[in-house]
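Undergrad: Those protein sequences? They're chains C and F, same order as listed.
Under my numbering, the first residue of the first sequence is numbered 677, with each subsequent residue one higher.
Under my numbering, the first residue of the second sequence is numbered 677, with each subsequent residue one higher.
No lab work stands behind these hints, which were simulated from the structure alone.
Don't take every hint at face value.
Because identical chains share one entry, a pair is satisfied inside a single copy or across any pair of copies.
[As the list claims (entries may be wrong)] Dumping the calculated DSS-like pairs for lysine-lysine here, alpha-carbon to alpha-carbon at most 25 Å: (1) Lys687 - Lys783; (2) Lys727 - Lys687; (3) Lys1065 - Lys1139; (4) Lys817 - Lys764; (5) Lys850 - Lys1118; (6) Lys932 - Lys1147; (7) Lys1118 - Lys783; (8) Lys1118 - Lys806; (9) Lys1162 - Lys727; (10) Lys999 - Lys1068; (11) Lys1154 - Lys932; (12) Lys687 - Lys1068; (13) Lys1154 - Lys687.
Number of protein chains: 2
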Amino acid sequence: MTSTIWLRLGKYLRDTQLLGSIHSTLYWDQNTVMPSGASSWRGEQLSLLAKLLHSRQTSHEFEDLIIEASTELEEETFLDITEISERKRNLDLLQLEFNRQKRLDSKLVVDLTTAKTNGYALWQEAKLNKDYERFAPALKKLIELRQEQARQLDEPRSCWETLAQPFEPDLTIKRLNELFNPLRDSLPSLINELKPCSQMKSGGWDLDKRSQHNLCERLLNEWGRDENITSLGRSPHPFSITLGPRDFRLTSRVVKGQPFSCFLATAHEWGHSLYEQGLPSQSHQWFGWPLGQATSMAVHESQSLFWENRVARSRDFSNRFWKYFAYEGAPVGNGLDLWRLLNPLVPGLNRVEADELSYGVHILIRTDLEIALLEEDLDVWDLPNEWNKRYKELLGVTPSNDAEGCLQDVHWSEGAFGYFPSYLLGHLISAQLSEAMAISLKSEGTTSEDPLGQCIRDGNEAKLLKWLRKKVHVYGRKVNAEKLVKEVTGKALSSHAFLNYLEKKLEMLTSSS
Amino acid sequence: MTSTIWLRLGKYLRDTQLLGSIHSTLYWDQNTVMPSGASSWRGEQLSLLAKLLHSRQTSHEFEDLIIEASTELEEETFLDITEISERKRNLDLLQLEFNRQKRLDSKLVVDLTTAKTNGYALWQEAKLNKDYERFAPALKKLIELRQEQARQLDEPRSCWETLAQPFEPDLTIKRLNELFNPLRDSLPSLINELKPCSQMKSGGWDLDKRSQHNLCERLLNEWGRDENITSLGRSPHPFSITLGPRDFRLTSRVVKGQPFSCFLATAHEWGHSLYEQGLPSQSHQWFGWPLGQATSMAVHESQSLFWENRVARSRDFSNRFWKYFAYEGAPVGNGLDLWRLLNPLVPGLNRVEADELSYGVHILIRTDLEIALLEEDLDVWDLPNEWNKRYKELLGVTPSNDAEGCLQDVHWSEGAFGYFPSYLLGHLISAQLSEAMAISLKSEGTTSEDPLGQCIRDGNEAKLLKWLRKKVHVYGRKVNAEKLVKEVTGKALSSHAFLNYLEKKLEMLTSSS
C-alpha cells in the first residue's frame, strides 16, 4: 500500500497553500510598504487570488481526493494507530471545511463580499463623523446575510455558534456562559476596589522612534529570534503573519505619547509568531494540512498574551529591563518604576488600550451584544443605548459619542461575529497554562517558588518557550482548544486561574504604591 | 460596432498582468525584506505563478482572442486612423510574442529552466573559488540550449540576433557594428589620453548609512517624488520595479567605503522608474497591453543614465548639492570638489564600477565575445584567454583571476545573451536625446547656452522630466528604440552625441584638475 491518493491530496493542499501564502504576502506588503495609491490594483490582485483559491477549495477534484483518501485510509494496513488517527483527523477537518464552502450558494457569497466592503467603508465614515446612523443600515444588512449564512450551513448549532466555529471550533453559548459568568460576577467588583488607589501615569514624557526600535530589537534578540526565518516591519496596526514554513513576519508601530505601546505590541505579536513557528511541520502534516494549523483564535491569543502579560509585563522582567529603558531616556530609576508604568490599571472606554483587569469587561459587553443582535432580536438602532448602558453599569464610564462607543472596533463592520470571545478566552487559557507550566517546571527540578519568574530573572525565556513548544504548539489542530487545555493542565478550562492571577497582581500593584 | 472581442482581450490581458504583477511583488519582497530561510518556499510560489502565467500566455483562448480581435478590427468603421494603427500595433506585438512562446517545445523550456538554475549555482561557486573550470561545462550547455531555442524560433535572423530581440526589438549585428565601431576606434585612445592626468580619489573616508539615506531622500524629494505611488527599499543589488499602474518601487543600498554608491544608484533607479511612470496609461492601453510597456532595454537604460550621469553627475548639480554632502560629513568645500569626486576617470577591471569613459569598452568586449560564443565557434574553454587579451589591449588592465575577469557578471550564467549591448546603446541614446532636449528647450525660450544646466541650477528638473514624458515616455512600444530616437531627435541613432559628450567632459575634468 503506497498511500497514492494521500500523496496526491497532499500535493493538492500544498498548491492551495502556496496560493494562500501568496495572498498573505500581498497582504503583508500592502500593510507595510505599499504606497497608498496602489490600493485599487492591489485589491484586484487579491480578488483574483481569492477567486483562484475558492475554486481550488470547492473543486470536484478536491472533493474526490478527500473521499478517495478516506477509502484508501480504511484499507491501510501498514500504518500505526497514531498515524491512522492523525490522518483521520486531517480528513475529517478537510471534509468539514469543504462542506461549509459547498453549502453556501454563490449568490450569498457575492452578497456577503459586497456587504463587507460596503460595511467597512460606511463604518470608517461613521466613526470619523461620530455618526452611528450612517452605519446602522449596513450593519443590519450584514446581520441578515450572516443569519442566512448560518441557515445555509445548517449545523446543529445556534446562529451565533455557527458563525463562531471558524474561530473557536466546538464552542457553544452554554459553555461560554459557564466560563464567563464568574467573570461577570467578579470583574466589576475588582474594578471597583481598584478605583480608590491612585495610579502612576506615564503621561508627560515619550521615547523617540529610534529608542523604541532599539528596545524592540533588544527584546527579540533576548527572546532568541532567528533572523533567518523572521522579519520585522512597521504597519499602522501591529500584526503577525506566516508566509511560508520558514517565513514569519511581524509588525509593530510607534504611537505618539505612548512610550510602551510599540514594545508591548512587539512582545504580543512575537507570541503569536512563536505559536506559528512551533506548529507541527513534519513532512506529511506540513503547512497545507489542517493539523499543521493553529487550533483556535483563543489558543493563538493565549500565546501572545503569555509573552506580553506574563513575561514582558512581569516584575522580574522589569527588574531586568529597566536599565535599557533608562538608557533610552525613560524616567525610571529601578525595576519597580518600570513595572508600575507597564501596568496601569485605569478602566476606560477603549478595548485595545484596556488594562488586564478591565479588558474582560469590554469583551463581555461585546459578546452579549452580538449574541443579542444575531439571536435575540436586538434592533441595530438600539445598539448605542444598550452599549452605553452596559459600559456605565460594568465599568462606570460613558462614551461621549458612538465613535468611542459601539463604533470603536472594526469587527462587526466586516461581518465578523463570534470573534470577540476569543480574546477573553485567550486570557483564561494563558492563565491556566501558566499555572500548569509553573507546576511542571517545579517537578522538573526548578527549586524556586516562582519558576516562571526565575526563568525571566535569568534571561532564560528559552525554557518557557521549550515548554510551550512541547506542550501546546506541537498539537496543531489535533485537538480543539478545550481538549488542549485539559490535556496540558489536567483540568477543564475555567476562569479560576485568570481570576487568581488578577487578584494577586492587583494586590501586588496596590501594595507597591 | 462595440469592439466586443477587443474588450474581452483587454480583460484577458489585464488578468494576465495581475498575475504577472503578483509575481513581481513576490520578487520585490524576496529582495528587500524576506528572511533568507524562506527562499525555498518562495521559489515554489514563484514557480507556481510562472506556470499559471505561461499557461495563460499560450492558451487557445488567448490565441483565438488575438485572431478574432484582428478580424474585428478589420471590420471596424468607427475608429480614427490613429486608434486603428495603435490597435493594430498592439495586436501585432501580441501575435509576435504568442508565436515565440508557441514555437518552443516544452522539453526545451524545461531543460532551459534547469540549465539556468544549474548555471547560476555553478557560476556562484566558480566565482567564489576563482575557478572558471567549474562553470565552463554549464556555460557550454546553456549556449547549446539557447542555440537550439533560436533554431526553434526560426526567425529570419542570426542566432545572437534572435536571442537579443526581447531586449532590443529589430536589432541586427550589422546595425550594432555601425553604432559601435566608432566607439571601438575612439574609446581606447581617449582612455590613453587620460592616463597621465592624476585623479582625485574618494578613498580614505566614508559616509554613514543615515547620512547616505538622508541624501537619497533629499534627492528624490527635490526630483519631485510622489510618495503616494512610490516606495523605497533596500536590497543587495539596486533595482526598480513596477508592481501596479500606481505602484512604483525602487531600491538602493549602502556600500562600505563607497560614499556615493547609494546616492548614484538611487538616481539611476529613479530614472528607470520615471520611464515606467510615464508610460501611456490610457484606459485601453493600460498596463496589460504592449503599448503600455517599455520599448527596449536600451531606452530604459537611457532614462536611468540621463538622471544619473546628465543630472546627478553634472557640474551644476554638484554646485547645488555640495553643501548637503558637506553637512553630512563629506570632505568637500565647494561644487568642484564634489563634482570631481562624483566623476573619477580610472579604467579598471569592473564593469559596474566603471567610469563613463571606460564603461563602453567593457560592453564592447562582452558583446564581441558573446557573439563569438554563439555564432563563431569560440570554445568556452578559450573564453578566459580571449577575455584577458582584450582587456589588456583595450583598457590596459589584466584580471588577476577569472572572478575579476570573465566570471564577473551574472548574465551568461542565467543564459542571458544579447543583453549587454543595451547598456551601451543606452549611453548613446541618452546622449542623443540630451542634445535634442537642449535644442528643444532653447527653441521654447530658454535663453541659456546650456539649458539643461540652467534647469539643474534652478532646481527645475521638473522641466527636464516634462520633456522626457512628452517626447519619450509616452510612446511605450508604439515604435522601437531606433525609430523613437529618429522621431525625437530628427536624426538616426549614432555614437556622435555620446563621443562629443565624453570629449567635452574629459576636457572639463582635466582642465579643472
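Undergrad: All the hints need checking, so say for each whether the structure fits it.
TA: Structure-based check of all given hints:
For the identical chains of this complex, Lys687 and Lys783 are inter-copy neighbours only, at 23 Å across copies versus 30 Å inside a copy, given an alpha-carbon limit of 25 Å. For the homomeric pair Lys727 and Lys687, the shortest alpha-carbon distances inside one copy (20 Å) and between copies (15 Å) are both at most 25 Å. In this homomeric assembly, Lys1065 and Lys1139 never come within 25 Å of each other (Cα to Cα): the closest approach is 46 Å inside a single copy and 62 Å across copies. In this assembly of identical chains, Lys817 and Lys764 lie within 25 Å of each other by CA distance neither inside one copy nor across copies; the values are 39 Å within and 48 Å between.
In this assembly of identical chains, Lys850 and Lys1118 lie within 25 Å of each other by CA distance neither inside one copy nor across copies; the values are 35 Å within and 83 Å between. Within a single copy, Lys932 and Lys1147 get their C-alpha atoms no closer than 39 Å, and across copies no closer than 47 Å, so neither meets the 25 Å cut-off. With identical chains, the CA atoms of Lys1118 and Lys783 are never at most 25 Å apart, being 57 Å at best within one copy and 63 Å at best between copies. With identical chains, the CA atoms of Lys1118 and Lys806 are never at most 25 Å apart, being 53 Å at best within one copy and 57 Å at best between copies.
For the identical chains of this complex, Lys1162 and Lys727 are neighbours neither inside a copy (39 Å) nor across copies (46 Å), given an alpha-carbon limit of 25 Å. Taking identical chains as interchangeable, the C-alpha atoms of Lys999 and Lys1068 are never at most 25 Å apart, the minima being 40 Å within one chain and 61 Å between chains. Taking identical chains as interchangeable, the C-alpha atoms of Lys1154 and Lys932 are never at most 25 Å apart, the minima being 43 Å within one chain and 51 Å between chains. In this assembly of identical chains, the alpha carbons of Lys687 and Lys1068 never lie at most 25 Å apart, being 55 Å within a copy and 55 Å across copies at closest.
Only within a single protomer do Lys1154 and Lys687 lie at most 25 Å apart by alpha-carbon distance; the minimum there is 21 Å, versus 44 Å between protomers.
Hints 3, 4, 5, 6, 7, 8, 9, 10, 11, 12 from the earlier list are contradicted by this structure; the remaining hints agree with it.
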